[in-house]
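Protein chains: 2
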Amino acid sequence: MDHLTEKFVDSKIIFEGNLLKVYSDTVELPNGKKTGREFIKHPGAIAVVPITKEGKIVLVRQFRYPIGKAILEIPAGKLDVGEEPDNCVLRELEEETGYVAHHIKKLRSVYTTPGFTDEVIHLYIADDLTVAKSHPDEDEFLDVEVYTKEQVKSMMQDGTINDAKSLIALLLAGI
Amino acid sequence: MDHLTEKFVDSKIIFEGNLLKVYSDTVELPNGKKTGREFIKHPGAIAVVPITKEGKIVLVRQFRYPIGKAILEIPAGKLDVGEEPDNCVLRELEEETGYVAHHIKKLRSVYTTPGFTDEVIHLYIADDLTVAKSHPDEDEFLDVEVYTKEQVKSMMQDGTINDAKSLIALLLAGI
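Taken in sequence, the protein lines are chains A and B. Residues in the first sequence are numbered from 1 upward in steps of one, following our numbering. Residues in the second sequence are numbered from 1 upward in steps of one, following our numbering.
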């Protein structure tokens, strides 16, 4: 793949926030010319399709400031430093929904937008859920909503569910 | 959804690059507390599943600097200012692959990562392709690769294709 490879020349960190690290690097293109590459370093994330004992699916409705509205998604969250994705699934699921999963299975890992970030999201399915607490953590502003598979399928088709990670995980989970 | 809504307080542009515009806003949470929201403004993009007259699928292999390797994806590209997604599909398909589509159909639009960007990607399927030129534009460093549907399906399952937009569009296209 050498005829496609861009070689590192120089790296500059533009912004280091709580969430995002923004870089503006210089690279050498395969034809020898130099150009800039702006991108975001991301710690990685998990997302999980939680299925109750009754075969229903647990979704969360959450305000997403970048798009200015609340949307319906599968539970998800960023990896803490050094955290294993499997543990992150259990932690985020309980924090966001109050459910504890007694069985999780990895579906796969995907690059969300490799054009401008290194973010990898690990997609899971979780079942055999029990309720650990009736409300999610106080600092999580979200609604937990439980739907039948048919309802979720219909919302995937009519565009109500339009978040990429949710769509992939639900499609891979056979919903 | 008022109990989920975050109210705008203040906006600060951190970085305005060629590709990315990074913001660090202040918002008021539903409980009245203030917090920061870092996000990226993105012009939006298209991605397309191109199917040849023989029923084969055209993919592109491209170096993605943020992840440090070349990966296999469906053709995609950013919207130019004021550009209609339909026109962007035809333009990007021809620029990247040399194929012209005589029939395109929109699959749907999805948010790639609503946690930190407003990027929407419009997913399409294109068929009845003819070859306009044998090589893509000189400034596009990519390989055009044509596969049968069975080969693509196999690469979706074994993780060779692990780019989110490509997976969603291929799954929605029934591959």
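None of these hints come from the bench; they were simulated from the model. Just so it is clear, the structure is predicted and the values come from calculations on it, not from any experiment. A virtual CB, placed ideally from N, CA and C, is assigned to each residue, including glycine. Keep in mind that a hint or two might mislead.
[Stated by the list, open to error] Here are some of the chain A residues that sit facing chain B, going by a computed Cβ distance under 8 angstroms:
1) L19
2) E28
3) P30
4) G32
5) G36
6) P43
7) V110
8) T113
9) A132
10) M155
11) D163
12) K165
[Said to hold, decoys possible] What follows is a list of derived Cβ distance ranges for each label pair:
13) B:G82 - A:E84: 43 to 49 angstroms
14) B:E83 - A:T26: 41 to 47 angstroms
15) A:K53 - B:G159: 29 to 35 angstroms
Evaluation of the provided hints:
{"no.": "1", "hint": "L19", "verdict": "holds, 5 angstroms"}
{"no.": "2", "hint": "E28", "verdict": "violated, 11 angstroms"}
{"no.": "3", "hint": "P30", "verdict": "holds, 5 angstroms"}
{"no.": "4", "hint": "G32", "verdict": "violated, 12 angstroms"}
{"no.": "5", "hint": "G36", "verdict": "holds, 7 angstroms"}
{"no.": "6", "hint": "P43", "verdict": "violated, 12 angstroms"}
{"no.": "7", "hint": "V110", "verdict": "holds, 5 angstroms"}
{"no.": "8", "hint": "T113", "verdict": "holds, 5 angstroms"}
{"no.": "9", "hint": "A132", "verdict": "violated, 22 angstroms"}
{"no.": "10", "hint": "M155", "verdict": "violated, 12 angstroms"}
{"no.": "11", "hint": "D163", "verdict": "holds, 5 angstroms"}
{"no.": "12", "hint": "K165", "verdict": "holds, 7 angstroms"}
{"no.": "13", "hint": "B:G82 - A:E84: 43 to 49 angstroms", "verdict": "holds, 46 angstroms"}
{"no.": "14", "hint": "B:E83 - A:T26: 41 to 47 angstroms", "verdict": "violated, 28 angstroms"}
{"no.": "15", "hint": "A:K53 - B:G159: 29 to 35 angstroms", "verdict": "holds, 30 angstroms"}
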